[in-house]
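Enquirer: Dock chain B against the given chain A, drawing on the hints supplied.
Keeping their order, the protein sequence lines are chains A and B. Residue numbering for the first sequence follows this note's numbering, beginning at 1 and increasing consecutively. Residue numbering for the second sequence follows this note's numbering, beginning at 1 and increasing consecutively.
Worth flagging that the hints you see were computed from the coordinates, not collected in a lab. You can trust all of the hints, since none of them are fake.
One copy or two, it doesn't matter: identical chains are merged, so the pair holds either way.
Mimicking BS3-like on lysine-lysine, the simulated pairs with C-alpha atoms at most 25 Å apart in a straight line are:
#1 Lys356 x Lys100
#2 Lys337 x Lys356
#3 Lys113 x Lys356
#4 Lys158 x Lys65
#5 Lys100 x Lys113
#6 Lys337 x Lys113
#7 Lys194 x Lys208
#8 Lys237 x Lys337
#9 Lys20 x Lys356
#10 Lys20 x Lys158
#11 Lys194 x Lys337
#12 Lys20 x Lys337
#13 Lys113 x Lys20
#14 Lys337 x Lys9
2 protein chains.
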Amino acid sequence: MEFTDELIKKGTLARDASFKLASVSTTVKNNALEAIAAALVERADEILAANAADIENAKNNGTKKAMIDRLSLSRERIEGIAEGVRQVKALADPIGEVIKMWRRPNGLEIGQKRVPMGVISIIYEARPNVTADAAALCLKTSNACILRGGSDAINSNKAIAKIMQDAAYSEGIPEGAINIIEDTSRETSVQLMKMNGYIDLLIPRGGKGLIRSVVENATVPVVETAAGNCHMYVDGKCDADMAEKLVINAKVQRPSVCNAIETLLIDREIAGEFVPRIFKALSDNGVEICADEESRALWDGETKPVTDEDYYTEYNDYIIAVKIVDGIDEAIAHINKYNTKHSETIVTEDYSRAQKFLNEVDAAAVYVNASTRFTDGFEFGFGAEIGISTQKMHARGPMGLEALTSIKYIVYGNGQIRE
Amino acid sequence: MEFTDELIKKGTLARDASFKLASVSTTVKNNALEAIAAALVERADEILAANAADIENAKNNGTKKAMIDRLSLSRERIEGIAEGVRQVKALADPIGEVIKMWRRPNGLEIGQKRVPMGVISIIYEARPNVTADAAALCLKTSNACILRGGSDAINSNKAIAKIMQDAAYSEGIPEGAINIIEDTSRETSVQLMKMNGYIDLLIPRGGKGLIRSVVENATVPVVETAAGNCHMYVDGKCDADMAEKLVINAKVQRPSVCNAIETLLIDREIAGEFVPRIFKALSDNGVEICADEESRALWDGETKPVTDEDYYTEYNDYIIAVKIVDGIDEAIAHINKYNTKHSETIVTEDYSRAQKFLNEVDAAAVYVNASTRFTDGFEFGFGAEIGISTQKMHARGPMGLEALTSIKYIVYGNGQIRE
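Isolated chain A, as found in the complex:
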């Protein structure tokens, strides 16, 4: 594989820095994070000027308004970014923890110690705040990072990264700890995904197209993040008031995110009373209903027929698919067939069904009597989140600081040889 000069240069810098970072103390890392937070606010004008150039380019390219909103920074937003860096500073440092240690019969003392991954690369889209978030989380966990943001935000990303580098390196963080790829071409991005020997972990953050491209092209280890086709199953033996409240929260509170529900499954046992009630409530909240024939027949309001395609769709919008099922077994089978292994919830007062759902549904987070909207590093109490993993390997569900670490075995001997 051939790599561009920029990739070789920054890959080498990152790898070399990663060896030194492993021994940098928590105090130095925290001082650097504080200096970064201060510098982002002090040098906000540089960021805003770069951001203005990005917005100008976006307008000239006919970019949609919603996209330009996501791209836009203000002094308040920059203060928010700096506050996020300070929150990362305040978290406990996971590096160096000896998770367990034991003695073997031959006297060897073997410990399992938490260490940095080494070099983490993050490929992401629009929002420039990810540059600061990702670099801060990597720094806190003693990882060097190689950031590759979208072309839309390249000027903003470069300005943020430059300020972070200046502040971090002046506090004793080894040079090369923070890197940003300036060439945002697709070809270079694909090369980055193949930098075995330079990159220990690659995390894509963005839409389906990006995730797909990374999974197909990457030869370095990847954590796949967050498509969320989430379900709520309303069981026959539930508190219907609670069920209504949970359906509306999980669908309507913020429909654009990965932990909102997309399909509602209703137990036939209570469909007669629950369908008209929940369809009215959803409709009153502006949700378009795509439902099966059986449930459509139970309500006079407007609905559309649901298709198999709908069941596979992550709407991220005010739309919901609805299906009446013949109890919990059909609900679980439906979920395990159509879900993306993100977040699933059952509403029930039945003990055995609750346990069955928790055990048999295959997803990163399975809930009883709660909204799926809680699948999030902050809501889980991790204090940070680099993304939500939908794979089972390495990290599953919300990824906090620990997901950015590896382990190493340390072995203390006194001359042991193997017989």
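Expert: Chain B alone, transformed into the frame defined by chain A:
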């Protein structure tokens, strides 16, 4: 991607079985493992007949004798395989453990529970015993498996798998839990590496060519295993008797394995006395010495000049590369440049250097005053080993049963919604 009918059929069987396996009790799994062990011995004639066909084919293909030895089974070897299955039965079942559980301010109770990966595929070469080992470890951890052994051992592998399937399914293990790919073509193997949605984890076990092919082609999550370019650094402040004993053990006790050392680094501080002594000992043990000019000048016996290429080489043989270094910093820099992140050891009586080595050397296992030969699931006390990971993601070092598991968050609520 197009898949062969066999892959689709067995992939679907495995995926469906994996959902059911998640709820199979430890008792049922242990009964199945006992039945498998008994059946392997009872039906040994079937395995031996299939193995004879493989050996016949290998001879007709002009296969080397060493390879034929690795392929060959006997009644004793089959009894050894059955004993291995009983050892897996005796291990504690990691599935279902709730690693931790905590309560959030809103009353949600969140638990982190150990669950199966789902479907694990293992691609391996020659030895037919891997078929039984891998299937037993997957079964113990409630994973469905898709085994793809080499073409040389296909008849033996099919016979072993058939006996395991019969025994396991008769004990209540869901059909589809154990699968073997009968088409051993390279094209089918590459397709297998791309079965996202069917395979949750792929583990290659074999030589460099196989590992390379998997890393380059796979789109499913992979744990890369075990190339071992391991080092011993003999520090100036060491017990020279211990150092000699450790060098000889780590190089000579079994040179063909991944945790044997390939390069010896000697502190200049003691080179004058230690080089002649250790070169003689190595030479007496039949080890060929490739050394730098400085050390070669210190001994009259036969040595060859070392090249940079030597430092990158995993000999797996009675050959060692030697370099005199200017203390621990040069030793660590050399190791971090040339190693494969497997196992590294320092011999020293100096406290600070021991700690520095443990902290700064980047490898799965770092030792003080012990032979690298202990990097092994059994020697570490895990009771089993599916391979030794040389990547940092998911599992690092010897992989026991826990490396074949994932986690899931279980969340108990009483109507919580997100504000």
